[in-house]
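There are 2 protein chains.
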Amino acid sequence: MNYAIIFGGNSYEHEISIVSAVVLKKILKEVIFIFCDSERNFYLIPSEKMNSKTFCKALYKKEKQIFLKNAGFYQKNLFNEKKIEFDCAINLIHGKDGEDGKIAALFDFYKINYIGARLEASVLSYNKELTKLYAQKVGVKTLPYFMIKKYDNQKQDIEFPVILKPARLGSSIGISVAKNEKEFEYAKDVAFEFDDEILVESFKNNIKEYNLAGCMIDDEFIFSIIEEPNKQEYLDFKQKYLSFSSHTTIKEAPLEEKLKEKLKENFKKIYNPLFKGALIRCDFFIINDEVYLNEINPNPGSLANYLFSNFTEVLQKLAQNCKNEKSLQIEYKFLNSINGQKGKL
Amino acid sequence: MNYAIIFGGNSYEHEISIVSAVVLKKILKEVIFIFCDSERNFYLIPSEKMNSKTFCKALYKKEKQIFLKNAGFYQKNLFNEKKIEFDCAINLIHGKDGEDGKIAALFDFYKINYIGARLEASVLSYNKELTKLYAQKVGVKTLPYFMIKKYDNQKQDIEFPVILKPARLGSSIGISVAKNEKEFEYAKDVAFEFDDEILVESFKNNIKEYNLAGCMIDDEFIFSIIEEPNKQEYLDFKQKYLSFSSHTTIKEAPLEEKLKEKLKENFKKIYNPLFKGALIRCDFFIINDEVYLNEINPNPGSLANYLFSNFTEVLQKLAQNCKNEKSLQIEYKFLNSINGQKGKL
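So the sequences go chain by chain: V and B.
Residue 264 is where the first sequence starts when you use my numbering, and the numbers rise one by one after that.
Residue 264 is where the second sequence starts when you use my numbering, and the numbers rise one by one after that.
Derived from the structure by calculation, the hints contain no laboratory data.
Treat the numbers as computed from the prediction; the structure is a model and nothing was measured.
Be careful, since some hints might not be right.
Repeated chains share a single entry, so a pair holds when one copy, or any two copies, can fit it.
Said to hold, decoys possible - Below, a list of computed lysine-lysine pairs in the DSS-like style, where the Cα atoms sit at most 25 Å apart:
hint, residue 1, residue 2
1, LYS404, LYS346
2, LYS312, LYS596
3, LYS346, LYS327
4, LYS345, LYS325
5, LYS325, LYS374
6, LYS316, LYS596
7, LYS413, LYS589
8, LYS539, LYS412
9, LYS324, LYS346
Turn these sequences into a full structure, and let the hints guide you.
Here it is, written out as structure tokens:
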């Protein structure tokens with residue numbers, strides 16, 4: 264199986280996507296790297312140049328620029344175009360472009376075979392409020408919340424502490440905890456830098472968080488181990504990077520079998536059928552033995568490879584199982600029926 | 264203002280999109296036509312060839328093929344590439360590709376200025392169940408419903424008559440009314456041809472339906488007249504075509520001022536801010552003086568031009584007011600900080 268990893272993107276998580284791709288370089292054998300720069304130009308990056316310098320010194324601009332067209336990426340030569348060969352793309356752009364549905368739309372439109380959340384799944388997981396509405400619809404609990412909008416000055420009665428999250432960002436960017444009114448005002452300003460809508464939840468410092476990754480192949484679910492992430496108040500950008508690039512072995516969270524099953528049942532409700540084709544990570548809370556969805560990561564850091572003992576095997580099965588969107592035959596019945604009729608078109 | 268109308272697409276409404284474009288040819292002056300064929304190849308169609316024959320006889324394949332790239336559509340010549348010049352694109356693909364978010368994603372990604380619903384708005388209006396969840400969230404009533412899924416054989420207690428709608432199709436394709444169990448089974452088979460999920464609502468034959476189109480420019484709403492569509496049980500494909508291409512003047516529905524205001528208030532809740540950049544049509548029911556949203560048409564037939572007395576003026580203002588998605592600056596702070604550190608990337 265030849266993979267093409269698509270990474271970068273015009274995203275606040277552009278850099279973490281580069282790190283994600285470099286981590287997978289060490290794990291996957293037959294893989295090519297397609298970098299989407301912040302201007303949305305695509306470059307083919309040789310494996311040996313997959314390092315931080317290539318990107319932060321803009322050396323990638325010396326590499327071959329390629330173009331997305333119908334049925335593939337193409338490289339322009341003097342007299343012809345060469346198709347870039349691979350079996351399955353992996354959408355590894357985090358946040359905007361990658362997780363908001365743009366890459367899914369491009370790949371569906373141009374009939375590229377890919378691992379990743381489809382358009383509707385992307386939009387529902389990218390917007391944290393829509394994630395809550397979706398979870399409710401499929402019978403998964405989430406924490407109570409309210410929204411604040413940028414130009415809406417309605418005063419809210421707030422029970423502190425609360426956590427403020429920009430509605431549409433991945434990672435932990437723009438997220439703050441506020442313990443009082445003053446911190447709340449500051450946290451609002453921070454979050455409004457990133458989105459016009461902020462989701463506010465009650466913040467519980469000692470809440471138990473568990474991460475579970477998985478995917479569905481045919482009608483079978485494959486799950487990762489359940490991780491209890493090592494966190495302070497909440498995970499920041501650097502911590503997240505360190506966690507998914509670390510070589511230390513992750514230990515399964517010491518949870519009762521019954522609770523593990525509950526987490527998996529909730530994962531299944533979220534995943535099936537919306538996320539078919541993707542390997543996702545769901546982050547859950549457990550409060551009084553009840554499971555609550557915190558968020559869905561349709562493109563988790565390095566595809567959460569560190570949570571699987573048989574990652575390459577899972578990925579290969581998933582790649583073989585990915586289905587492109589059904590293409591319709593257009594027969595022009597209606598236009599044929601009116602073609603030639605007077606006064607019609 | 265030079266427009267580029269994008270029409271066609273791999274959609275069950277491919278042909279109705281061609282009709283939509285032909286209708287606008289007669290109304291807009293400075294406009295070029297970009298046809299997306301069922302394979303998703305783009306062609307530049309000269310205005311004089313905008314007729315049914317060009318498409319149903321596949322003559323469009325003789326026209327110039329163009330390609331979507333960063334910041335525009337391009338035509339390949341022997342030694343160079345020529346950019347196709349226009350100020351603002353109009354997304355006029357109906358149904359799949361156009362209204363499901365793909366075109367929005369492509370145009371956002373490649374920074375094309377366009378009139379049309381954005382990605383999130385497209386996904387929420389394309390899926391009829393998500394439309395209901397969204398309407399509920401913004402405080403707009405919809406009719407009660409239940410969903411049936413293709414491989415789920417749960418028996419439902421049904422009070423007939425009901426109307427069955429494929430969850431994700433525009434137009435009236437695949438929609439049937441069932442008056443009894445036998446008709447229901449047949450209607451299910453029809454709708455499952457188009458989607459794996461069907462939305463079922465109680466059907467009221469004498470329900471009053473009203474269509475209202477509009478858009479927001481700066482902070483002001485511009486509304487069309489309110490139309491009471493001429494329908495039998497419900498509008499079929501051919502009727503819809505005839506209605507938006509007809510030259511007969513549409514008369515404003517004879518509604519009390521209070522109800523008209525109510526329709527507009529509900530439109531505003533649906534539109535703002537999700538549909539900014541688009542001219543949409545909302546189809547409402549009125550039952551006992553209460554307004555219910557039936558559906559949102561983000562790309563109504565020929566942009567519902569026939570409902571506006573000053574259509575070209577509205578369109579021009581909207582085009583001038585369209586904003587592209589904000590582009591982010593990537594500064595490589597994190598990669599710079601670790602570049603050169605031992606053991607890191």
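Quick rundown of the hints versus the structure:
1. LYS404 x LYS346: neither (46 Å within a copy, 51 Å between copies)
2. LYS312 x LYS596: between (53 Å within a copy, 19 Å between copies)
3. LYS346 x LYS327: both (13 Å within a copy, 22 Å between copies)
4. LYS345 x LYS325: both (18 Å within a copy, 24 Å between copies)
5. LYS325 x LYS374: Between copies only: 23 Å across, 28 Å inside.
6. LYS316 x LYS596: Intra 57 Å, inter 12 Å, cutoff 25 Å: inter-copy only.
7. LYS413 x LYS589: Between. Shortest inter-copy distance 16 Å satisfies the 25 Å Cα cut-off; intra-copy 40 Å does not.
8. LYS539 x LYS412: Only across copies: LYS539 and LYS412 sit 16 Å apart there, 33 Å inside one copy, limit 25 Å.
9. LYS324 x LYS346: For LYS324 and LYS346, the Cα distance is within 25 Å both inside one copy (20 Å) and across copies (22 Å).
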